[in-house]
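Each chain is listed here by its residues.
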Amino acid sequence: MRKTITVILLIIAVFVPFATSDILPVIGDPQSAPNTHVSDYYIEHAIEECNSPNMVTAVIVDYRAFDTMFETTVMFLAGLSVVIILANRPKKRIPAFSSLKRLKTADGRPVYRTINKDVMISVIEPLILIYALYVLFHGEVSLGGGFQAGALIGMTYLLDIMVVKRQRPIFRLSKAGSAALAGIGPLIYALTGIVTILGGGLYLEYNKFPLSVHQAELHSIGITAVEIGVTIGVAGTIITILNALMERTYFDDDND
Amino acid sequence: MMTTINAYLAAKGIYMLTLVLLALGVAGIIVCNNYMKKLICMNVMQVAVIFFFLCLGQKYPATIPVALDSAVKASEYVNPLPHGLMLTAIVVSLGTTGVGLSLLLRIREKYGTIEEDDLIRREELMNRKAKNGGNRK
Amino acid sequence: MTENIPVLIILLPLCSALLCLALTALGRNLGIIVVKLSCLASFVLSCFQLHMVVTGGTIHYAIGNYAPPFGIELVIDSLNAVLLVCFSLIGFLTMIFAENFADKKRPMLVGGACAETALLITGLLGMTSTGDVFNLYVFLEITSLSAYCLISLGGSRGVVSAFRYMLVGTIAATLYLLGIGVLYSVTGTLNMGDMREILSAGGNERAMMTAMCFLVPAFGIKMALFPFHGWQPSAYTHAEPGSRPLITGVMGKVPAIAMFRFIFCIYGTEFGFVRSFLLIIGVFSVSGMLYGSLMAMGQTDIRKVLAYSSVAQIGYISLGFAIGTPVALAGAFLHMMGHAFMKGGLFFCTGAIRYKFGTTDINEFGRIYKKMPLTCGLLTIAALSMIGIPPTAGFFSKWYLALGAAQEHEWIYIAVLVISSLLNAVYFFRLIEKVFIRHSSELKDRWQSEALELPVSIIIPIVVCFAAILGIGLFNVKLVDILLMTLEGVGL
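Chains as they are written, first to last, in this note's numbering: chain E, 2 to 257; chain D, 2 to 138; chain H, 235 to 726.
Bear in mind the hints are in silico, worked out from the structure with no lab data behind them. All clues given are correct.
Some but not every residue of chain E turned toward chain H, in silico, with C-beta under 7 Å:
hint	residue
1	24
2	35
3	39
4	81
5	180
6	181
7	203
These numbers were taken from a predicted model, which means no experiment stands behind them. Where is the CB? At the ideal position from N, CA and C, for every residue including glycine.
Can you make the complete structure from the sequences, with help from the hints?
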């Protein structure tokens, strides 16, 4: 049975490219349909309408901002699902990490001596955070944006947890706290749109922010607010997944 | 003859590669017995579609879609729309993979295996046990 | 403010779901209350929107005020508006109902499951109202991800079925993405209306056929159409009991609406090959109607009976698409609404019986009507509606389907419709017999001291579903008129 399906699939795999290749546009053709109709408008109007030289940013957080809002929600949803599936039984807790004995070499020193904790925390982490902020606020001007910045902030937290001993964390979020934080990020995004509704416009119409500055500035403010929401959401999600893995419990919830 | 093939490959070859990748992913999901391998094949499949969309956005004498000065000509920059769309698709694929891996952990804890035929056997065993228990009650 | 209603209907459950966890950390029940209120508000707004659409015509809402092919657009025609009312109502009822099945000792789990259900509602409402093909994909993924999680909450067998559903569902989503990729490569747009204009100019038939080859299996998997239904019975059986009415009642219908949009609104019936695809869908649905009913007869777990009967009922909906006349399409959409309440209602009953007695085996239901008269009333009326007894919703949808088939002289479809209804009668009368006539077995009440039959939060959904099944049946002419406002333009 399986082998028949496989053979059929392989036949399709051989034939579909030949059958479909003549209806698809030539690679790199500037006159093909996907490269002319809507995309020309985006490229030519991104600067004047959205005040954003980075056209991909203009597309994802201005022209198609509604998609990106739900994309951030998908991140939140993934983090929340991982917590619920893996670590929702506090009673039968079998800590996966605290019971681990610290590995030692033959002469009794811990094996991770090669990583210097002081250097890690006092030098590298601030640099990563500064870089994250740079990526966040330059997303509309050059390459970068909320997702990358959020990932960097989440990685800083991860580094912190890995290096510092469990007893003395510098900054520690609980499972519920981090999941709530991951939810607040997309909420900031959604509320940005609601503010524009209150300003008398349509949803996510950045021109209608109730502020008295130039129209191009309004778009920048809108994009930045949205990117901050995305950053918080992504960082929260990474921390949530980390918490879910660290507080993983073995449980059996068959009830029928 | 060779020039025809070369011209065809230059114009359309990449689509064939992405579609073969897609077919490999689907075939892997159906043929593999191990759930982890199925999950990896799922990822291969999603990456194939991402490549397919990015191929559509390519233009030849063009650069990345970040405006270099205020006067912009459409033919000088690649199409930004597929890149934006695929950012969403990547995040979705990440979320699906995360949820899939955590489900896999739970399956491994409960049944002690992630091989499909083993799992089906154990499920049947559990069903029979549950039925016998119900009768005794 | 009124022009923002289409987006507010989607946003209210979304915002409450995002806030839910933070509020649950503040106060134990705060999050759940906010989610319930927002679902209620969403229902009220969608009723108001239906009124606006019926009096003022189709609403086009351009998000960000960018003209349609450049921005994302929400399109609310009379069809969407009616379905949004139904779906948001079932979402609200499920939110009330789910509270009884939550484990109060674990606030994280309660808040999390509540947020997941609210996000599922968001995804379903969004998929119904969007007018952009890629936006549809994003909503599809939100729906699927929250459904995977809710299914996996139902114990370890739920986890296995969720994983299998995830593999199959991801194939469906990928095929959908590939299909819209092919369409995008020939049209250069993602907006449904704009795509329709470019495609109807002709010249792209082969690309359209290729895209359709990807799209039909994609939607078929998501709506559990017959040969693609493999994931469905175990997923419906083992899903989390609180949110099961929403998953079973609404989740299979919404991809069907998307399929309708692609076949009739984007492609249009003037292309010759669309008829061949309709014929294929017809064959699938006819075999699904027979297969689902036959499989349901052999099951003893009521959840499995209802899950297999869903395979058959989805076949009725796609049969309406396969016939393709406005009357048959109206029948399909009427069945979509009716079946959402019937299957939702039957799962509310199953949940109530399980809540009170802790069993789902049909053979233990002996004379349960003495202990739970209200629940058994809904069980009976929903079962009769499934079979198609006159004053209920099920009869009228089947009537319109048969009428449409007769207009097109498709006698085989009518024959299968009758046979499948008779098979339905066999297993639903068996259920009714167990409930009313068979001698009682010793069922232990798990909550002895209740004054009422059940908590109020279970009674409300049961009563509303009861009223809705009869209401859709009695006011079917009015509903079909509203549906035909849109369908007259797109049918065969």
